[in-house]
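Novice: Here the structure of chain U is known, so what remains is to put chains C, W and Z in place on it, guided by the hints.
4 protein chains.
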Amino acid sequence: MDMRTDKASSTRDASDFVHEIRVTWGDCDPATIVYSARVPWFALDAIHAWWEHHLDNCGWYHLAMDRNTGTPFVHMSMDFTAPITPRHRLECAVRLTGLGDSSIEFQVTGNQDGVQCFTGRFVCVFVVVDKFIKQKVPQDIRQIVEPLLQEART
Amino acid sequence: MDMRTDKASSTRDASDFVHEIRVTWGDCDPATIVYSARVPWFALDAIHAWWEHHLDNCGWYHLAMDRNTGTPFVHMSMDFTAPITPRHRLECAVRLTGLGDSSIEFQVTGNQDGVQCFTGRFVCVFVVVDKFIKQKVPQDIRQIVEPLLQEART
Amino acid sequence: MDMRTDKASSTRDASDFVHEIRVTWGDCDPATIVYSARVPWFALDAIHAWWEHHLDNCGWYHLAMDRNTGTPFVHMSMDFTAPITPRHRLECAVRLTGLGDSSIEFQVTGNQDGVQCFTGRFVCVFVVVDKFIKQKVPQDIRQIVEPLLQEART
Amino acid sequence: MDMRTDKASSTRDASDFVHEIRVTWGDCDPATIVYSARVPWFALDAIHAWWEHHLDNCGWYHLAMDRNTGTPFVHMSMDFTAPITPRHRLECAVRLTGLGDSSIEFQVTGNQDGVQCFTGRFVCVFVVVDKFIKQKVPQDIRQIVEPLLQEART
Numbered sequence: 000m001d002m003r004t005d006k007a008s009s010t011r012d013a014s015d016f017v018h019e020i021r022v023t024w025g026d027c028d029p030a031t032i033v034y035s036a037r038v039p040w041f042a043l044d045a046i047h048a049w050w051e052h053h054l055d056n057c058g059w060y061h062l063a064m065d066r067n068t069g070t071p072f073v074h075m076s077m078d079f080t081a082p083i084t085p086r087h088r089l090e091c092a093v094r095l096t097g098l099g100d101s102s103i104e105f106q107v108t109g110n111q112d113g114v115q116c117f118t119g120r121f122v123c124v125f126v127v128v129d130k131f132i133k134q135k136v137p138q139d140i141r142q143i144v145e146p147l148l149q150e151a152r153t
Numbered sequence: 000m001d002m003r004t005d006k007a008s009s010t011r012d013a014s015d016f017v018h019e020i021r022v023t024w025g026d027c028d029p030a031t032i033v034y035s036a037r038v039p040w041f042a043l044d045a046i047h048a049w050w051e052h053h054l055d056n057c058g059w060y061h062l063a064m065d066r067n068t069g070t071p072f073v074h075m076s077m078d079f080t081a082p083i084t085p086r087h088r089l090e091c092a093v094r095l096t097g098l099g100d101s102s103i104e105f106q107v108t109g110n111q112d113g114v115q116c117f118t119g120r121f122v123c124v125f126v127v128v129d130k131f132i133k134q135k136v137p138q139d140i141r142q143i144v145e146p147l148l149q150e151a152r153t
Numbered sequence: 000m001d002m003r004t005d006k007a008s009s010t011r012d013a014s015d016f017v018h019e020i021r022v023t024w025g026d027c028d029p030a031t032i033v034y035s036a037r038v039p040w041f042a043l044d045a046i047h048a049w050w051e052h053h054l055d056n057c058g059w060y061h062l063a064m065d066r067n068t069g070t071p072f073v074h075m076s077m078d079f080t081a082p083i084t085p086r087h088r089l090e091c092a093v094r095l096t097g098l099g100d101s102s103i104e105f106q107v108t109g110n111q112d113g114v115q116c117f118t119g120r121f122v123c124v125f126v127v128v129d130k131f132i133k134q135k136v137p138q139d140i141r142q143i144v145e146p147l148l149q150e151a152r153t
Numbered sequence: 000m001d002m003r004t005d006k007a008s009s010t011r012d013a014s015d016f017v018h019e020i021r022v023t024w025g026d027c028d029p030a031t032i033v034y035s036a037r038v039p040w041f042a043l044d045a046i047h048a049w050w051e052h053h054l055d056n057c058g059w060y061h062l063a064m065d066r067n068t069g070t071p072f073v074h075m076s077m078d079f080t081a082p083i084t085p086r087h088r089l090e091c092a093v094r095l096t097g098l099g100d101s102s103i104e105f106q107v108t109g110n111q112d113g114v115q116c117f118t119g120r121f122v123c124v125f126v127v128v129d130k131f132i133k134q135k136v137p138q139d140i141r142q143i144v145e146p147l148l149q150e151a152r153t
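Heads up: the sequence lines are chains U, C, W and Z, in that order.
For the first sequence, position 144 (counting from the first letter as 1) is numbered 143 according to numbering that gives the first Met the number 0, and the numbering increases by one without interruption.
For the second sequence, position 70 (counting from the first letter as 1) is numbered 69 according to numbering that gives the first Met the number 0, and the numbering increases by one without interruption.
For the third sequence, position 21 (counting from the first letter as 1) is numbered 20 according to numbering that gives the first Met the number 0, and the numbering increases by one without interruption.
For the fourth sequence, position 5 (counting from the first letter as 1) is numbered 4 according to numbering that gives the first Met the number 0, and the numbering increases by one without interruption.
Don't read these hints as lab results, they were simulated from the structure.
Owing to the predicted nature of the structure, the values given are computational and were not obtained by experimental measurement.
Please note: incorrect hints may appear among the correct ones.
Unchecked claim - Cβ pair distances, simulated, as ranges:
#	chain 1	residue 1	chain 2	residue 2	range
1	W	E150	U	D78	49 to 55 Å
2	Z	C57	U	D100	47 to 53 Å
3	C	N56	W	R66	30 to 36 Å
4	W	H87	Z	L147	36 to 42 Å
5	Z	P137	W	Q149	42 to 48 Å
Claimed, not checked - Listed next, the in silico DSBU-like pairs over lysine-lysine satisfying Cα-Cα at most 35 Å (straight line):
#	chain 1	residue 1	chain 2	residue 2
6	Z	K130	U	K130
7	W	K133	C	K135
8	Z	K135	U	K130
9	U	K130	Z	K133
10	Z	K130	U	K135
11	W	K135	C	K133
12	C	K133	W	K130
13	U	K133	Z	K130
14	C	K135	W	K135
15	C	K130	W	K130
To be verified - Facing chain W, a subset of chain C residues (Cβ under 8 Å, in silico):
#	residue
16	F16
17	C27
18	P29
Glycine included, each C-beta is placed from N, C-alpha and C at the ideal position.
Isolated chain U (complex conformation) (with noise of 0.2 Å):
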């Protein structure tokens, strides 16, 4: 099986918030192809990407040093469907897929050149960041995130 020629595999759609990351050289291991524990890093830069767009350029950092607020991971899971290469942008298309009292979930999904690369979901909860103590999601972010939920792709 050629994992690369299925091209009608892909799930990401026109809506979706798109994070392109620049594949490179470093990124690559001996087989060539991006090495397998690169991948959830992207996926993550791709979640952070989400939040600088939707709140107005602020960050993991601006949330942390500016809020005392953080949102840990708690769980992740990915499955892996083509190589990667520098050959083309990666593109990370990020949907939000659940919101809790303190928890946050989004789906990730990696394309390159038309081929699904990889999918996951990505689980978060919202800490006070000096205490590590789980806090309530904030209301003002409550508010500009909740109308961007969506079902998940399968």
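Specialist: Just chains C, W and Z, lined up with the frame of chain U:
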């Protein structure tokens, strides 16, 4: 809830292969704990050490370069249950939990100072590296690892 | 001394190639600034972007895979003059400062919000990748990059 | 020239502190050797291990969190003399080569299988972490490290 006090939660057992990781400053983010995207990398380092231990120092590099055999990851899922810091070594227990026709499955559990920090499930598929096509688990490798199969910790 | 106010210290000039880096949370350490060992990685990303820009999207991966040509680093030296944070994009100006028979030399200067954060000198040698032996700068590459030679900033 | 055979070139001596690094698959790039930007990270890991060794397991994290003391890097220069692979452990010899009023200087030399792979010079400045201003080398630290001063290897 103080996420670091429930030492009874650790599910590692004495027969597990344990790989120790020296967590450092550069692994941590401004929340003063290890950055979430670094943890899958640690888990893969532990799985790699498991291979080296059981295959007489032959790791992924040797398998690829000397035998044209690779074991790319097709799935990973992780639950993060306590923050990781440089205060203690991170003990990663690796357990072989599945062996299919061409696939292999591991459970990795990370502990620091008696507290379980993460647990994860990882599935790899054997491939011919230069063609990136699936292959059966090589017979000599099957003979070495099959006796190591264990139940997943729950 | 406030290391961030001397905006006059920036030595970048308008003709430089500038690669923008999105500094994130995971790049920072508990001192809330980018970890020192991450900065050379940024500089190499910038040099790589310079190659892609001038060689029509052909970077180190393409050079190695399609032309068996590599440019491993034989020297780097860097001075770190101000901390880097995710508050601003990091603008890395790349200047070609030397071209020998088989070597190539770059100066990379990083700026954030008008403040110079680092400057560095990097020397690479052209090699035949699969033999790891030195080669002359390929003629077509020399023709493209030779006109780009500039004085080093001081 | 085969860059790996000149074993006489190693300049490490028996009194050096040596930190061993387990080079892995994910550290390597498609040229099947360690990616250049990864090597400064290794060198910093070795310097960090030197601190832990001499300060009774107190590393950069402990210094920052418990004493509000940091030692950010202000300069690094490295020469890369042979490729690094996962075939052997990387032995990083760390030597204290300078101690100023507020600065400290190290030489790090990396060897694999008797071949010198890199040598580098690293300068750090003592700072008060939460203000990021220079401080003198704390007296108790000076007392521990001053006797360790050595000439740089040439």
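Novice: Can you name, in rising order, the numbers of the hints this structure does not satisfy?
Specialist: Checked against the structure, the hints that fail are numbers 2, 7, 11, 14 and 16, while the rest are satisfied.
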